[in-house]
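Chains as they are written, first to last, in the numbering used here: chain A, 85 to 592; chain B, 264 to 349.
Hints are computed from structural coordinates only; laboratory data are not their basis. Honestly, I wouldn't trust all of these hints.
Stated by the list, open to error - Result set (DSSO-like, lysine-lysine): computed pairs, CA atoms no more than 27 angstroms apart in a straight line:
{"no.": "1", "chain 1": "A", "residue 1": "565", "chain 2": "A", "residue 2": "418"}
{"no.": "2", "chain 1": "A", "residue 1": "256", "chain 2": "A", "residue 2": "188"}
{"no.": "3", "chain 1": "A", "residue 1": "496", "chain 2": "B", "residue 2": "340"}
{"no.": "4", "chain 1": "A", "residue 1": "188", "chain 2": "A", "residue 2": "237"}
{"no.": "5", "chain 1": "B", "residue 1": "340", "chain 2": "A", "residue 2": "493"}
{"no.": "6", "chain 1": "A", "residue 1": "496", "chain 2": "A", "residue 2": "567"}
{"no.": "7", "chain 1": "A", "residue 1": "418", "chain 2": "B", "residue 2": "309"}
{"no.": "8", "chain 1": "A", "residue 1": "182", "chain 2": "A", "residue 2": "237"}
{"no.": "9", "chain 1": "A", "residue 1": "418", "chain 2": "A", "residue 2": "493"}
{"no.": "10", "chain 1": "A", "residue 1": "565", "chain 2": "A", "residue 2": "493"}
{"no.": "11", "chain 1": "B", "residue 1": "338", "chain 2": "A", "residue 2": "493"}
{"no.": "12", "chain 1": "A", "residue 1": "496", "chain 2": "A", "residue 2": "418"}
{"no.": "13", "chain 1": "A", "residue 1": "256", "chain 2": "A", "residue 2": "182"}
{"no.": "14", "chain 1": "A", "residue 1": "493", "chain 2": "A", "residue 2": "567"}
{"no.": "15", "chain 1": "A", "residue 1": "496", "chain 2": "B", "residue 2": "309"}
{"no.": "16", "chain 1": "A", "residue 1": "496", "chain 2": "A", "residue 2": "565"}
{"no.": "17", "chain 1": "A", "residue 1": "418", "chain 2": "B", "residue 2": "338"}
{"no.": "18", "chain 1": "A", "residue 1": "418", "chain 2": "A", "residue 2": "237"}
Claimed, not checked - Just a few of them, taken from the derived set where beta-carbon distance is under 10 angstroms, the chain A residues facing chain B:
{"no.": "19", "residue": "413"}
{"no.": "20", "residue": "414"}
{"no.": "21", "residue": "438"}
What the hints assert, rightly or not - Output of the computed footprint for chain B on chain A, the stretches with three or more beta carbons under 8 angstroms from beta carbons of chain B:
{"no.": "22", "stretch": "321-335"}
{"no.": "23", "stretch": "397-403"}
{"no.": "24", "stretch": "421-434"}
{"no.": "25", "stretch": "448-462"}
Where a beta carbon is used, it is the ideal one built from N, C-alpha and C, also for glycine.
Each chain is listed here by its residues.
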Amino acid sequence: MVLELQKPRPIWQIMFSTHHTDVGLLYLITSLAFLFMGGALALAIRAELFLPGSQIISDSMTFNRIFTVHGTTLIFLFIIPFASSVGNYFVPIMVRYKDMAYPKLNAIAFWMIPPAGALIWLGFADFTWYATPPYSIISAPGPAADMWIFGLKILGISSVLGAINFIVTILKCKHPDMSIGQVPLLAWSFLSSSLIILVAIPTFAAALLMLLTDRLGVSGFFNPALGGDPIAYAHLFWFTFHPEVYVLVIPAIGMMYEIIPRFSRKPIHSYQSGIFAFVLLSIVGFSSWAHHMYATGMSFTEKTVFMVGTLAAVPASALHVFNFVATMWNGRIKFATPMMWAVGGIALFFSAGAGGVANAAMPLDFQTHDSYWVVGHFHLFVMGTIAFGSIGFLYYMFPYVTGRMYNEKMGKLHFVMSFIGTVMVFFTQHVLGLYGMPRRIFDYPPIPEWIAMNQIASVGAMIIGVSMVIFLANMIYSSGKGKLANTEDPFGVGGKYYYPFEVKNPSH
Amino acid sequence: MKKMIVLFLVLAVMVTVPVIESAFAAGDEPGQYLDRRVIIWNLFFKMMTIAFVVGAVVSGTIIWQCWRFRESNPKAKPTPYEGTDW
Chain A
85 MVLELQKPRP IWQIMFSTHH TDVGLLYLIT SLAFLFMGGA LALAIRAELF
135 LPGSQIISDS MTFNRIFTVH GTTLIFLFII PFASSVGNYF VPIMVRYKDM
185 AYPKLNAIAF WMIPPAGALI WLGFADFTWY ATPPYSIISA PGPAADMWIF
235 GLKILGISSV LGAINFIVTI LKCKHPDMSI GQVPLLAWSF LSSSLIILVA
285 IPTFAAALLM LLTDRLGVSG FFNPALGGDP IAYAHLFWFT FHPEVYVLVI
335 PAIGMMYEII PRFSRKPIHS YQSGIFAFVL LSIVGFSSWA HHMYATGMSF
385 TEKTVFMVGT LAAVPASALH VFNFVATMWN GRIKFATPMM WAVGGIALFF
435 SAGAGGVANA AMPLDFQTHD SYWVVGHFHL FVMGTIAFGS IGFLYYMFPY
485 VTGRMYNEKM GKLHFVMSFI GTVMVFFTQH VLGLYGMPRR IFDYPPIPEW
535 IAMNQIASVG AMIIGVSMVI FLANMIYSSG KGKLANTEDP FGVGGKYYYP
585 FEVKNPSH
Chain B
264 MKKMIVLFLV LAVMVTVPVI ESAFAAGDEP GQYLDRRVII WNLFFKMMTI
314 AFVVGAVVSG TIIWQCWRFR ESNPKAKPTP YEGTDW
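Could you put together the complete structure from these sequences and hints?
Shown next, in the form of C-alpha cells:
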C-alpha cells in the first residue's frame with residue numbers, strides 16, 4: 085500500500101480488493117469522512133447552545149435528530165472503523181501472516197459500513213444514540229427510527245465479522261515461531277476488544293430486534309402499555325455498550341503502546357502488565373453495565389456491587405498509565421506529532437478516569453445523573469483519549485500509507501488547538517453539570533453561570549473545528565505534495581518498525 | 264511483572280475500601296439520598312480532593328518527564344537501545 089499515490093491504481097481495483105492494506109485504506113477514508121460529518125454536527129450543537137433560545141436550529145426535534153446522528157456517527161462510523169483500519173494495516177504484519185485470516189469476509193465487513201451509514205444519515209432519527217424507549221417504540225417518527233435500527237443491525241454484523249477475523253488471524257495465523265506472549269501489544273489490544281465484541285454485541289442485536297417488533301406492534305417487550313418494561317431495554321443496551329466503551333478505548337491504548345516506546349527510543353516498560361491490564365479491562369468491562377442505571381430503583385446491594393465492579397477498572401487503567409510513564413522515564417523523547425497526541429491522550433485519559441470514579445460512586449451519581457457532567461465525562465474519554473490516540477496514530481501511519489511526510493508544524497498546531505479546545509469544552513461541561521444543567525436540552529433558562537460556561541464550551545468547540553480544518557488541509561496537501569518519506573525510518577528514531585513497507589500487495 | 268501485580272493489588276485495595284464505605288453515604292432506603300445531600304456533597308469534595316492531589320502528582324510527573332527527557336534537553340543521553348534492532 086505504501087507509495088500508493090506515487091503509483092496510482094484504478095479506484096475500482098482498491099474498492100474490490102480483499103488485501104488487508106486495501107481494506108485498511110477503505111476503512112481509513114470512510115472513518116475520516118464520518119469524523120468530519122459527525123464533527124460538523126457537534127459544531128451545530130455547540131453553536132445552538134451558545135446562548136439561550138433558538139440560535140441556528142429551528143426546533144427541538146431537529147436538535148434531537150442532530151445529536152442522535154452526531155453520537156451514532158462518531159462512535160459507530162468513526163471510532164470503530166478507524167480502529168479496524170489500523171488493525172487491518174498492522175495486525176497481519178505483527179503476527180507475520182500474509183493477510184487477514186478471511187480476506188473476503190474482511191472486505192464484506194467493510195462494505196456493510198457505507199450502507200449502514202447511509203441508513204443512519206438519510207433517516208436522521210431523533211431518539212438519541214440509546215434509542216430511548218418507550219419513546220422509540222411508541223412515537224419516534226416512522227422511517228427514520230426503523231432506518232437507524234437497521235443501520236445499527238448492519239454495523240453490529242460488520243463488527244462481529246471483523247472481530248472473528250481479528251481473533252482467528254491473531255490466534256491461528258500467527259507465525260509458528262511466535263508465541264502468543266510475543267505478539268505486540270497493539271495486536272493484543274485488538275484481540276481483547278474483539279473478544280469483548282463477540283460476547284457483548286449479540287445482546288444488543290437481540291434488543292434491536294425486540295425494539296423493531298415493538299415498533300411494528302407485534303410485541304410489547306419495552307412498551308409499558310402492553311406490560312413491557314423499558315428498564316429491560318436499558319439492561320440489554322448497557323450490557324453491550326458499557327463493554328463497548330472498552331472496545332473503543334482498548335485499541336486506542338494499543339496505538340499509544342506503539343507510539344510511546346517508539347518515540348521514547350526504548351521498549352515498553354512492562355509488556356506483561358500491558359497484556360494483564362488489557363485482559364483485566366476486558367473482563368471487568370462486563371461487571372459494570374448497571375452503573376448507568378443507578379437511578380432506576382435498583383436495590384442498595386445491586387448498586388454497591390456494580391459500583392465496585394466499575395471501580396475494578398481503575399487499577400487496570402492505572403497500570404496502563406504507569407506503564408506509559410515508566411516507558412518514557414530515562415528515554416530520549418522525540419516530540420513529533422504522534423508523540424504529542426499520545427502524551428496528551430494519557431493526560432486526558434487520567435482526567436476522564438477521575439471524573440468516572442466520581443460518577444461511579446453511587447451516592448454522587450444521583451447528583452450528576454443526566455447532567456452535563458456525564459456529557460463532559462464521556463466526551464473526555466472519546467475525544468480526549470480515543471480520538472487523541474487515534475489521530476496520533478494516523479500521523480504515525482501517514483508516511484506508510486502515502487509514502488510522504490505530513491507537515492510537522494501543522495500537525496503540532498492541530499494538536500495544540502485540539503488540546504486547548506478539548507479542555508475548554510469538556511472540563512467546562514463537568515462544572516456545568518454540577519451547576520445543574522441537564523443534558524440533551526435544546527434551550528436553557530438565562531442563568532448567568534450556564535450562559536458563561538456554554539459560551540466557553542462553544543468557543544472551545546470552534547477551536548477544535550478550526551484545528552480539524554488544518555488537519556484536513558495537511559492530510560490532503562501532504563499526501564500529494566508532501567516531502568518523500570524515508571520508509572525505513574520516517575521519524576528518525578531508529579528501532580524495528582512494524583511498518584509494512586515490504587508487504588506484497590498482489591494488486592501492485 | 265511481580266512488581267506490577269503488587270502495584271495493581273495495592274491500587275485495587277486503595278480504591279475499593281474507601282469506595283465501599285462511601286456507598287453508605289446514600290443511605291439504604293429509597294429516597295434517602297435526597298435527605299443526605301450534605302453527606303453526599305461532602306463525599307464529593309473529599310473525592311475531588313483526592314482526585315486533584317493524585318492528578319497533580321501524575322500530571323506533574325508527565326510534564327516534568329516531557330521536559331527532562333526530551334531529546335533537546337542538554338542532559339539527554341542516548342538510550343541503551345539506540346542503534347539496535349529492539
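Hint-by-hint comparison with the structure:
1. For a cut-off of 27 angstroms, the pair hint linking residue 565 of chain A to residue 418 of chain A stands: about 25 angstroms separates their Cα positions.
2. Straight-line distance between C-alpha atoms of residue 256 of chain A and residue 188 of chain A comes to about 17 angstroms, which keeps the hinted pair within the 27 angstroms bound.
3. Under the criterion of a C-alpha separation no larger than 27 angstroms, the hint pairing residue 496 of chain A with residue 340 of chain B is consistent with the structure, at around 24 angstroms.
4. Proposed proximity of residue 188 of chain A and residue 237 of chain A is supported: the alpha carbons are some 20 angstroms apart, at most 27 angstroms.
5. The hinted pair formed by residue 340 of chain B and residue 493 of chain A meets the criterion: a straight-line CA distance of about 25 angstroms does not exceed 27 angstroms.
6. Note on residue 496 of chain A and residue 567 of chain A: the hinted pairing holds, with a Cα-Cα distance of about 17 angstroms set against a maximum of 27 angstroms.
7. Taken as a hint, the residue 418 of chain A and residue 309 of chain B pair is broken in the structure, with Cα atoms around 38 angstroms apart against an allowance of 27 angstroms.
8. For the suggested pair residue 182 of chain A and residue 237 of chain A, the alpha carbons sit about 31 angstroms apart, so the restraint of at most 27 angstroms is broken.
9. Under the criterion of a C-alpha separation no larger than 27 angstroms, the hint pairing residue 418 of chain A with residue 493 of chain A is consistent with the structure, at around 14 angstroms.
10. Pair hint residue 565 of chain A plus residue 493 of chain A holds up; C-alpha atoms about 15 angstroms apart against a cutoff of 27 angstroms.
11. Restraint check for residue 338 of chain B and residue 493 of chain A: the C-alpha separation of about 25 angstroms stays at or below 27 angstroms, so the hint holds.
12. For the hint pairing residue 496 of chain A with residue 418 of chain A, the CA-to-CA distance comes to about 13 angstroms; that is within 27 angstroms, so the pair holds.
13. Our distance criterion of 27 angstroms between C-alpha atoms is met by residue 256 of chain A and residue 182 of chain A, whose separation comes to about 13 angstroms.
14. For the hint linking residue 493 of chain A to residue 567 of chain A, the alpha-carbon distance of about 13 angstroms falls within 27 angstroms, and the restraint holds.
15. Between the alpha carbons of residue 496 of chain A and residue 309 of chain B the distance comes to roughly 37 angstroms, so the proposed pair goes past 27 angstroms and is violated.
16. Restraint check for residue 496 of chain A and residue 565 of chain A: the C-alpha separation of about 19 angstroms stays at or below 27 angstroms, so the hint holds.
17. Annotation: proposed proximity of residue 418 of chain A to residue 338 of chain B holds, straight-line Cα distance about 14 angstroms (limit 27 angstroms).
18. Proximity of residue 418 of chain A to residue 237 of chain A is assessed by CA-CA distance (about 43 angstroms); at most 27 angstroms being required, the pair is judged violated.
19. Using the Cβ-Cβ criterion of 10 angstroms, the hint placing residue 413 of chain A at the interface with chain B is satisfied: the shortest such distance is roughly 6 angstroms.
20. Evaluation of the residue 414 of chain A hint against chain B yields a held restraint, the C-beta minimum of about 7 angstroms falling below 10 angstroms.
21. Taking 10 angstroms as the C-beta cut-off, the interface hint given for residue 438 of chain A holds, the closest approach to chain B being about 4 angstroms.
22. Interface restraint, the stretch 321-335 of chain A with chain B: violated (0 residues with C-beta to C-beta distance below 8 angstroms; minimum three).
23. With 5 residues having a beta carbon nearer than 8 angstroms to a beta carbon of chain B, the stretch 397-403 of chain A meets the requirement of three or more and the stated coverage holds.
24. Restraint check on the stretch 421-434 of chain A versus chain B: 4 residues with Cβ-Cβ distances below 8 angstroms, three needed, restraint holds.
25. Coverage of the stretch 448-462 of chain A by chain B holds in this model, with 3 residues showing a Cβ closer than 8 angstroms to a Cβ of that chain against a need of three.
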